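Keeping their order, the protein sequence lines are chains E and C. Residues in the first sequence are numbered from 1 upward in steps of one, following our numbering. Residues in the second sequence are numbered from 1 upward in steps of one, following our numbering.
Rather than coming from a laboratory, the hints here were simulated on the basis of the structure. It should be emphasised that the depicted structure is a prediction, and the values quoted were computed from it without experimental measurement. Careful: at least some of the hints might be erroneous.
Between beta-carbon pairs, the in silico distance windows are [unchecked claim]:
| id | chain 1 | residue 1 | chain 2 | residue 2 | range |
| --- | --- | --- | --- | --- | --- |
| 1 | E | Ile-109 | C | Ile-85 | 28 to 34 Å |
| 2 | E | Ile-109 | C | Gly-120 | 30 to 36 Å |
| 3 | E | Ser-57 | C | Tyr-10 | 55 to 61 Å |
| 4 | C | Met-66 | E | Ala-106 | 39 to 45 Å |
| 5 | E | Asp-113 | C | Arg-5 | 25 to 31 Å |
| 6 | C | Phe-92 | E | Gly-15 | 15 to 21 Å |
For each residue, glycine too, the CB sits at the ideal point set by N, CA and C.
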Amino acid sequence: MVNKLTSITSLTRNGVRDWLVQRVTSLILAVYILFLLGYLVFHPSIEFFAWQSLFQSTAFRVFSVLFLLSLMWHAWIGMWTIVTDYIKPADIRLAVILIIIIALFAYVIWGIDILWSA
Amino acid sequence: MNKQRPINVYLLTYKYPVTAIISVLHRVSGAFVFLLIPLLLWMLASSLASPQQFDELQGMLGNPMMKLILWLFLSALLYHLVAGIRHLAMDFGVGESLNSACRSAWAVAIIAAILILLTGIWLW
Ligand code: HEM
Numbered sequence: 001m002v003n004k005l006t007s008i009t010s011l012t013r014n015g016v017r018d019w020l021v022q023r024v025t026s027l028i029l030a031v032y033i034l035f036l037l038g039y040l041v042f043h044p045s046i047e048f049f050a051w052q053s054l055f056q057s058t059a060f061r062v063f064s065v066l067f068l069l070s071l072m073w074h075a076w077i078g079m080w081t082i083v084t085d086y087i088k089p090a091d092i093r094l095a096v097i098l099i100i101i102i103a104l105f106a107y108v109i110w111g112i113d114i115l116w117s118a
Numbered sequence: 001m002n003k004q005r006p007i008n009v010y011l012l013t014y015k016y017p018v019t020a021i022i023s024v025l026h027r028v029s030g031a032f033v034f035l036l037i038p039l040l041l042w043m044l045a046s047s048l049a050s051p052q053q054f055d056e057l058q059g060m061l062g063n064p065m066m067k068l069i070l071w072l073f074l075s076a077l078l079y080h081l082v083a084g085i086r087h088l089a090m091d092f093g094v095g096e097s098l099n100s101a102c103r104s105a106w107a108v109a110i111i112a113a114i115l116i117l118l119t120g121i122w123l124w
């Protein structure tokens with residue numbers, strides 16, 4: 001039961017593929033985070049309209065959605081690894097990982113909503 | 001199993017190599033960043049909603065408690081990022097020997113500490 005659970009709740013149901021997805025997504029996350037931090041550091045007295053126009057440009061929206069999806073996949077794999085390491089009873093493990101996965105889906109949808117109402 | 005084998009469950013008496021500490025902190029920081037995602041999305045939403053809400057958010061971030069939370073979040077994120085880059089390098093076979101693993105672990109600790117310090121200066 002636990003073994004089956006472990007496999008069906010993993011992102012790709014394949015350890016090597018999960019491993020690769022986590023590396024690729026971490027690069028996208030890193031580039032986006034460094035860009036945003038750099039933007040904030042170099043615009044110390046940032047004001048609303050400049051900030052809004054950044055998030056209204058198509059290129060940055062694409063980049064942001066890419067970030068949100070990468071975040072979901074990366075955190076799914078990462079939290080799955082942690083949960084399977086520390087939570088042994090099958091029912092609790094399933095409940096926790098499902099809550100995490102549903103939350104991550106919700107964050108992506110919420111994030112897209114934020115981007116498109118900006 | 002040998003019932004007489006020495007066991008030690010008192011974690012504080014272990015000696016932890018720097019590489020182990022760097023690795024477990026990477027895990028802790030990743031989980032912490034995960035937990036704070038909703039706070040960040042909420043901040044992004046208010047910063048983009050209207051000029052009024054943007055100003056309100058800026059005012060709120062002046063509050064020492066909020067600054068502390070933001071600093072903890074950014075510290076965890078920066079740490080996770082720096083240690084993550086080391087992890088990726090080792091995945092590609094760079095610096096895998098015990099010696100260089102210890103050196104890069106120290107490098108991660110020092111670089112992350114400097115970045116966390118700079119973030120604190122930047123926020124305050
Ligand atoms: C932006 C939000 C991020 C979140 C919420 C997050 C979360 C996590 C979590 C929970 C893990 C599992 C840790 C473990 O298994 O011990 C993990 C692993 C990892 N993260 Fe992140 N991470 C983020 C960003 C990044 C970034 C920017 C990098 C850049 C280099 C990165 C690189 C890695 C790597 C390489 C691993 C694999 C570690 C392993 O296999 O032990 N992460 N992440």
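Verification of the hints:
1. E:Ile-109 x C:Ile-85: 28 to 34 Å: Hint holds: Cβ distance 30 Å, inside 28 to 34 Å.
2. E:Ile-109 x C:Gly-120: 30 to 36 Å: Holds, at about 34 Å.
3. E:Ser-57 x C:Tyr-10: 55 to 61 Å: The hint (55 to 61 Å, Cβ to Cβ) holds, given that Ser-57 (chain E) and Tyr-10 (chain C) are roughly 56 Å apart.
4. C:Met-66 x E:Ala-106: 39 to 45 Å: About 24 Å separates the Cβ atoms of Met-66 (chain C) and Ala-106 (chain E), which means 39 to 45 Å is violated.
5. E:Asp-113 x C:Arg-5: 25 to 31 Å: Check failed, 57 Å falls outside 25 to 31 Å.
6. C:Phe-92 x E:Gly-15: 15 to 21 Å: For Gly-15 (chain E) against Phe-92 (chain C), whose Cβ atoms are near 18 Å apart, the range 15 to 21 Å holds.
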